[in-house]
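*Asks:* Chains A and B, in that order, are what the protein sequence lines are.
The opening position of the first sequence corresponds to residue 1 in this note's numbering, with each subsequent residue numbered one higher.
The opening position of the second sequence corresponds to residue 1001 in this note's numbering, with each subsequent residue numbered one higher.
Do not rely on the hints blindly, as some may be mistaken.
Stretch by stretch, here's where chain A covers chain B in the computed footprint (C-beta under 8 Å, at least three residues) [unchecked claim]: (1) 1010–1018; (2) 1073–1086; (3) 1094–1108.
Everything labelled a hint here was simulated from the structure, so no lab data went into it.
Glycine included, each C-beta is placed from N, C-alpha and C at the ideal position.
Listed below, chain by chain, are the residues.
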Amino acid sequence: MSIIEFSGLTKAYKDVVAVKELTASVATGRITGFLGPNGAGKSTALKCLLSLAAPTSGTALIRGASYRDLLAPMKEVGAVIETGGFNPSLSGLKNLRIIAAAVGIPDSRVLEVLDLVDLTDARNKKVKQYSLGMKQRLSLATAILGEPEILVLDEPANGLDPIGIAWLRDFLKKLAANGHSILISSHQLAEMQNTVDDVLIIHKGSLITQGTIANVVGSGTLEEAFIRLVEASA
Amino acid sequence: MNLLKSEFRKLVYTRSFYGYTGGAIFIALLSSIPAAFSVNALKGKLSGASLLDPQMVDGIYAKAASGYLFALIMGIAIMGNEFQNGQAISTFLATPRRINVLYSKLAIAAGAGICMMLISTALGFGGAYIGLSYYPHAKATSSTFLNLTITAVVSGAVLAIMGVSIGALIRNVKIAMSGAVIWLQFVEKLIVLFWTTGGKYLTSGLILGMMDIHINLKSAKKFFNISTGDYFGPGISVALLLLYAALFAGVGSWVALRRDIE
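The following block holds chain B by itself, in its conformation from the complex (with noise of 0.2 Å):
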């Protein structure tokens, strides 16, 4: 209990850690306010895409699950600041078990991503709904709202996690945190958008699993289909997520157990 204390202190007095709120926030917001508006304009231009279907309805609401990208960022600045400003000096001196210390920066991380998507979520939620209003005849399936919470309660915590890795892995913080951004923002979705084969496998695919939307959208140019009915379920999502997020575990705690402190 000392040691979640003294990590939830690290956590709370940073301030970074509201920004990286703020910007989980403003990204849901930014994705999920116009998302209806968009599929209403792409309305003849891409079959399939149309508010009569509940399918994508949902994939509007799946919109303000956006923020994770800053769970997994906050995860990298818990465990790379450490190491960064020479904390890990005091921190393995008071816990010189570094294991306990590794336990708690991922229970803390894991918590604090998941309060990060539930807020950002929330709100995300709420804009997309502001969004869908304008088209009264949009209607979401029955499984939305328990589909994104368990998004945001699972990505938040996983890509904690991941972070937390990420940032034992990668001795500077700002090369872990743009590789992070330009890996999960761009290589990842544009995998996930063109090679579901591959692409559901990967994180974002795995997200957009557990949200169970199954949407086709067919374009005159055949390479900008798009189709989600390739992806994992949300009980695979979330299993194969899990693992992850043990797996990264596992390789975060061995470096950091074997890392001199400089």
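Pulled out of the complex, with its shape left as it was, chain A reads as follows (with noise of 0.2 Å):
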């Protein structure tokens, strides 16, 4: 059963089309790797359906709504937009209470949430002093802020060392047991390769394949299928 569609989804921005009819979905319970190069029209569509973006074309839903419409969005989504999203002159603590607050979640969820991501000894510096990966860790603690059971994750281990990449995979492995759907886009294939249990190839903002891992690897490696993929594709 799918969570998430994407139908006939385009996003141009002046002459320049970013996601082109993009037709695709994310099934319930799994890790969905949403993989391209750079500039394939990933995060444009992942902000399409975050309500970030208008679509020019098409539709993006999340159990059959926009994001939007859905009643209370983060409790259903938590979503990693890269690093932004947060005012670096202040704390890490009091960018999420500002954000708890305007979700109506209590200041005790705030501190569980850092907790998680391993961030409260630095609950109290300033975002502008935090590394990229604690950063991103902030940025996976704003997503898990409402307890959702769906996730949308775009590039979260972009800048991350091997430590902190083993990290999220672990991470992302524990909320998956508990019955997460995630979409996470990345151009990391071989850590995607480990991580996920369905792939979403897209090139030049058309989607070239979909299925389970398995399905599309074949024998090789996810890099290997996608580089012939992609190159077919051109």
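Hey, can you piece these two chains together into the complex? The hints should help.
*Replies:* Here it is in structure tokens:
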């Protein structure tokens, strides 16, 4: 059963078409890798999914509704969009307390999620003093603040060191084991092969394949399959 | 209520808010304390510059409400920083119905603008009082305090709302703030001073109108004549300022609702 559906999604900025007629779906209770080279349109498609950008045509729906129309968006869907979203002059704790207040989540939950992402000791540091890995973890803390069943993560492993990547992998596995549905975009293919159940590959804004990792990869690696598919679609 | 709480936290957690309030107080004191001495110094050079005239004394007290520029700057920061920092991403993820965010921002900005102006105007009033205490014969009209309070409340709310809308319209916060300072402190002031026919419709002219001051200063050089007689009265001034606030809020909301988050 699909929990996220892109249907003929197109997003154009002036004369640049970032996403073109994207039709794809994400299954419930699985980790789906949203893959593509830099500039393939992954972030744009996710921004349309999360109502941060308006589609030029087509739809991007979560449980049959647009993100904007969900009753309690952050309690249904947790999202990481790049490392932005925080006031760099405020501490991680204050940034999360601002977001929690907007959704009616108690401050005690803020401390819980900071602990879950190992930021308790750094909670009073200003975000501008955080390393990239710490910012990524703060973004993940925001995503799980509302205890959502669905997670949409845009390049959460970007800039992470090997320890950070291993931490992220374990973190996502734990969430998936608890029944979360996760859509994760990345261009780090080796890491994705160890993490995802399904893949959805786009290139130049268009879908080139979708399926389980086993079906898409076949006997080689995800990287080999990816290069083969991208070259075939060019 | 959740959104108001969130926007309130954004405001009180941000140090610059206290800096803007300090700036408003500084300007109010800087304008009001020396005003009485300035008028006294000009009494031989400008006819009408007399502390015996209650209208002139009102004009000195009106200087207490000079901090409104900082209400505008604060409004710009409230909205502009949201986009500049990328904080808009988390804000609109938490509340994808952007119009609700806009309403909350406008409400918090208006409240903060009123507080800022009441504090700075009260201190500026004290400054003017100290300056005027050197001239025991100087008496204000009975409506000064009421007019000043109305001016502080209305200008604080309206300028902050206009600031939020400017912050939504102009992506670069520094350009928006610099433009606002140049317009409000220099361009508008000159228009209000030398071209009352048009100046009375501008924010500074309307703020002056709310004070209901009737001053006529005449110098030997004709171009430096100052008359506030042509300005609108308090009622029309308040109504026009509220109309401007509504127009700015409408345009700002329209832009913010349609903007893609980068």
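*Asks:* Looking back at the numbered hints, which does the structure fail to meet, lowest number first?
*Replies:* none
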